[in-house]
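Colleague: In the order they appear, the protein sequences are chains A and B.
The first sequence runs 1 to 427 under the UniProt record's numbering.
The second sequence runs 1 to 622 under the UniProt record's numbering.
Honestly, the hints are just simulated from the structure, not real lab data.
Watch out, some of these pointers could steer you wrong.
Computed cross-link-like contacts, DSSO-like style, restricted to lysine-lysine with a CA-CA straight-line distance of at most 30 Å [as the list claims (entries may be wrong)]: (1) B:506 x B:585; (2) A:358 x B:2; (3) B:591 x B:506; (4) B:371 x B:484; (5) B:2 x A:140; (6) A:358 x B:3.
On a predicted model such as this, the values are computed, not experimentally measured, just so you know.
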Amino acid sequence: MSGKSILKRLDWFTVLCYVLLVAIGWINIYSSTYSEAHSSIFDFETIYGKQMFFIGVSLISIVVILALEASFYERFSSLFYIVSLLLLLGVFVFGKTIAGATSWYDLGFFNLQPSEFAKVATALALAKFLSDIQTDIKHKKDQMYAFLIILIPAVLVIPQPDPGSALVFLALIFVLFREGLPLYFLWIGLLAIVIFVATLMFGTIWVAIILGLLITLFFFLKKSTYKAPVLPIIFFFVTAITLSLSVNFIFNNVFEQRHRDRFGLWLGLEKDPKKLEEIRKTIGYNTYQSEKAIESGGFFGKGFLEGTRTKGGFVPEQHTDYIFSTVGEEWGFIGTATVILIFTLLFLRLVFLAERQKNDFSRMYGYGVISILLVHYFVNIGMVIGVLPTIGIPLPFFSYGGSGLLVFTGLLFIFLKLDANRLNELG
Amino acid sequence: MKKILLSSIILVIGLTFIGRLSYLQIFSFSPNQVLEDSAIKAIYDYPERGYIYDRNGELLVANQPAYDVMVIPREVKPLDTLEFCNLLGITKGKFINTMERARVYSPRLPSVLVPQLSKEDYARLQEKMRRFEGFYIQKRSLRYYATNSGASVLGYISEVNDQDLARNPYYVAGELTGRTGIEKSYEDILRGRKGVKYIQKDRFNRDIGPYKDGILDTLPQQGKEINVTLDKELQEYGEKLMHGKHGGIVAIEPSSGEILTLISGPTYDPALLVGRERSKNYTKLYYDTIAKPTWDRALLAEPSPGSPFKIMNALVALQEGVITPETTFMCYHGFYVGRSKKGCHCGGGKRDLNSGIYKSCNAYFAGVFRKIFDKYPNADEALDVWQKDIKSFGLGSFLGYDLPTGRPGRIPGKEIYDKWYGENRWSSSTIISNAIGQGEVAVTPIQLANMTAAIANRGFYYTPHILKKVAGEDIHIPEYTVAKHTAIDKQYFEPVIQGMADVFKKGTAYRLQIPGVEIAGKTGTVENFTKINGVRTQLTDHSVFIAFAPVDHPKIALAVYIENGYFGSRYAGYIASLLIEKYLKGEITRKDLEKKMLETTLEKEYAKPYSGEPFRINERVW
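Take these sequences, add in the hints, and give me the full structure.
Modeller: Dropping the structure here:
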């Protein structure tokens with residue numbers, strides 16, 4: 001162990017981004033839940049007072065995280081994983097239902113959301129498994145194990161229902177890509193998404209015609225000496241058509257009407273202007289109001305506590321999932337662009353940090369952290385500014401919520417602890 | 001690839017977000033949004049509209065409170081409908097209908113249930129309203145008229161329409177604006193400025209306090225009272241004389257251009273256009289296509305001026321030096337245009353300027369008109385000079401007075417005749433009708449009155465105007481306080497005015513003299529035609545009269561135009577003479593003249609063209 005203090009080895013650039021995001025987040029929570037009656041920022045009756053309390057708890061947890069041995073996280077990662085899976089199962093029995101989702105344990109003073117903690121545990125467990133000397137991601141069997149580690153918690157949160165969190169677990173696949181999972185998994189995934197969207201927009205027949213044309217074109221253009229793999233191509237074509245057909249089936253029979261409406265709104269499937277207006281006012285209400293609020297901010301914004309739509313409570317869930325709309329209304333384009341910039345810098349910095357790790361576990365965990373934070377950021381802001389369909393997940397460091405803030409803080413600072421410790425590892 | 005994959009994704013996401021945000025916040029952003037923002041509501045505080053007084057400080061228009069019964073449907077509790085309807089004096093069916101409409105409009109916002117209760121109803125209802133939840137009484141301010149005359153010149157106010165809203169961003173739907181007359185001309189002064197309070201609303205449309213702590217809020221500015229140049233007593237008297245007649249009367253104070261009286265007949269009570277019955281009454285007036293009471297004849301009618309226009313030709317001829325007062329023409333009971341003879345009522349014989357005017361000799365003025373044209377090598381040039389001289393009296397163009405409607409009239413130029421007859425294919429003979437104020441010349445009554453004022457002033461006039469004082473201060477508007485000079489030199493007016501005075505002493509208006517007042521004037525009898533089932537049909541002549549008095553220091557100049565009144569010395573002359581006496585002496589000594597005017601109407605004459613039967617014109621009734 002080096003005698004240098006942890007404070008000297010901590011990556012302060014990341015810490016700065018973290019502090020900025022938490023601070024800006026709190027200011028906007030304050031603004032979106034402000035009322036003349038309670039103006040003390042430490043009044044725990046208020047949302048922003050509670051968030052202030054959670055920030056305090058997070059700071060304490062940072063101290064604890066940094067004080068623990070770096071090897072602690074690697075050693076106990078499997079245990080964390082098992083415990084969080086049990087907690088996810090337990091929530092079906094003992095869980096508390098809030099807003100139609102059974103995702104919480106009621107701890108009296110605080111509602112604990114196990115899926116949040118499962119994110120940290122899964123990132124740690126995946127890194128632990130992949131960094132094992134016996135694991136080789138090129139092997140089908142190890143690929144399968146890795147997928148299982150990701151899929152089990154994802155499957156467990158879907159029935160809560162919490163599709164947003166399921167999406168977050170799936171994002172951990174980026175760790176696998178970094179560690180050598182063949183990229184065709186990515187292309188297949190992307191192709192599946194394209195087929196999904198194309199089927200909804202144009203129907204199975206057009207998907208089949210276009211795919212057929214592309215394959216024919218491929219045979220015309222290929223060099224005569226090149227022997228094309230005919231059988232796999234036929235297999236691919238059949239699979240794609242099957243997928244396309246099942247998309248229709250899933251969309252019409254498995255999805256609920258509100259899901260269909262969300263996709264319908266997003267992809268512009270609804271052509272009847274009357275119905276479209278109806279959907280905008282019901283399913284699309286949140287997005288419509290949040291877009292309006294952001295738009296009304298203009299370039300310079302309306303100023304702190306001056307957001308009329310924020311004050312009037314026009315945007316639902318504004319202090320949680322739609323917190324970014326407050327930034328847009330009160331701080332304008334300058335504010336939103338600044339937040340995007342800080343997030344982007346934070347992510348790039350984390351990629352840089354992950355790449356400089358000598359220890360495989362640290363690097364893989366780092367990638368896990370980036371994947372989880374990035375998908376939250378992408379899906380949340382994408383939804384708030386109306387480029388993605390409505391999927392309710394919080395904006396890291398920003399949105400109101402104790403579990404969320406604690407978990408994102410823990411996620412990040414465990415990685416910073418590992419990073420600070422990298423020079424102590426054997427090369 | 002695997003190392004840069006995630007970094008690339010991070011950058012692509014960042015750029016996508018920035019792109020979308022700049023679209024929303026920079027390109028879609030519209031700056032003028034305080035009023036469009038559904039989160040902010042403006043509450044207005046309306047100042048009281050300014051009063052209107054006459055030139056002597058007599059009240060013409062004030063305000064009266066009116067009370068609307070309002071309802072907020074959501075707050076209505078079950079009630080004894082029958083009792084409530086009895087109290088309000090409406091039927092149960094109407095109550096249910098109105099309530100339904102209010103509910104459809106908005107359950108949360110107030111709607112009018114019964115508009116404009118009288119003061120008595122309000123007093124009766126006031127204490128009982130508390131028992132009915134969801135209803136309340138809102139006070140509004142309406143116009144109150146302290147006179148039953150002057151409807152067309154005072155104008156009225158009504159709710160702003162879509163065009164008003166598009167033209168002036170000050171107004172908000174439901175507000176009132178001056179629609180015609182003085183109310184329109186001086187809308188800005190009378191209206192004041194409303195105060196505004198911006199209220200922050202939440203998504204349930206509830207108030208949650210002032211927006212930006214009220215820094216954008218403004219206090220209302222009171223509307224200012226104005227004095228207009230009208231003489232209330234004269235205006236009311238003139239309208240009484242106008243009883244049963246169609247036409248226009250305009251009286252001007254020559255020394256200032258102030259309009260003393262502006263009457264359009266048939267008249268109506270301005271109070272008809274106030275309150276609950278406003279729209280019903282307006283529709284009735286508007287669709288009276290025979291009497292056309294809403295058509296302001298004093299400003300909009302453009303008849304031929306008839307004989308009063310002879311004065312103008314005399315002045316032009318004197319100015320051009322083609323005649324002197326002594327120049328004579330022979331009248332053979334008419335004059336010839338080509339081979340056709342036009343008649344004259346003057347009795348025939350040798351006529352000079354003086355007798356030409358007081359006997360209104362057509363042949364004399366035809367000769368004068370020809371002389372003007374003989375001075376110049378061709379008709380074009382002569383007509384240019386003639387047109388310029390005449391137009392210097394404010395004829396043939398909008399005068400520039402401060403009332404919202406008007407017509408230019410017509411003083412024909414060579415363009416018209418070139419178009420009608422071809423270039424160089426017309427001469428003074430072709431257009432000789434203009435010599436006696438028939439033909440192509442057309443003049444509105446206010447132009448005629450202004451022309452009379454310019455003659456009374458011996459060569460200059462002030463643009464006629466209706467505004468005298470704002471908030472007690474005299475106006476200083478150069479447009480109305482700087483004299484405009486005509487193209488005729490001062491010395492040429494005296495012989496003409498002498499002729500006009502002789503009109504009363506020994507001429508066509510002999511019977512209209514006012515004891516003790518020297519008066520100058522000119523009668524006019526104007527031929528006119530209409531189309532009945534596509535056939536051009538002559539109607540009874542219009543009666544026209546101009547006059548001013550006293551001759552030496554004129555205090556009043558006026559023009560009276562009575563549709564189908566036959567001779568100028570009849571209706572128009574009587575009314576002019578009575579009005580001048582009333583204004584100068586304050587009382588009428590010639591009760592027989594007054595009685596005749598108050599009692600005689602022309603309704604029979606106006607009914608003739610619509611009777612569907614053949615009728616006689618220019619009947620000698622009295």
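Colleague: For each hint, tell me whether it holds in the structure or not.
Modeller: Verification of the supplied hints:
1. Under the criterion of a C-alpha separation no larger than 30 Å, the hint pairing residue 506 (chain B) with residue 585 (chain B) is consistent with the structure, at around 23 Å.
2. For the given pair, residue 358 (chain A) sits about 17 Å from residue 2 (chain B) by alpha-carbon distance, which is consistent with the 30 Å threshold.
3. Only pairs whose Cα atoms come within 30 Å are accepted, and residue 591 (chain B) paired with residue 506 (chain B) is accepted, the gap being roughly 22 Å.
4. The suggested pairing of residue 371 (chain B) with residue 484 (chain B) holds, with an alpha-carbon distance near 28 Å, which does not exceed 30 Å.
5. For the hint pairing residue 2 (chain B) with residue 140 (chain A), the CA-to-CA distance comes to about 19 Å; that is within 30 Å, so the pair holds.
6. At most 30 Å may separate the alpha-carbon atoms for a hinted pair to count; residue 358 (chain A) and residue 3 (chain B) meet this at roughly 15 Å.
In this structure, every one of the numbered hints holds.
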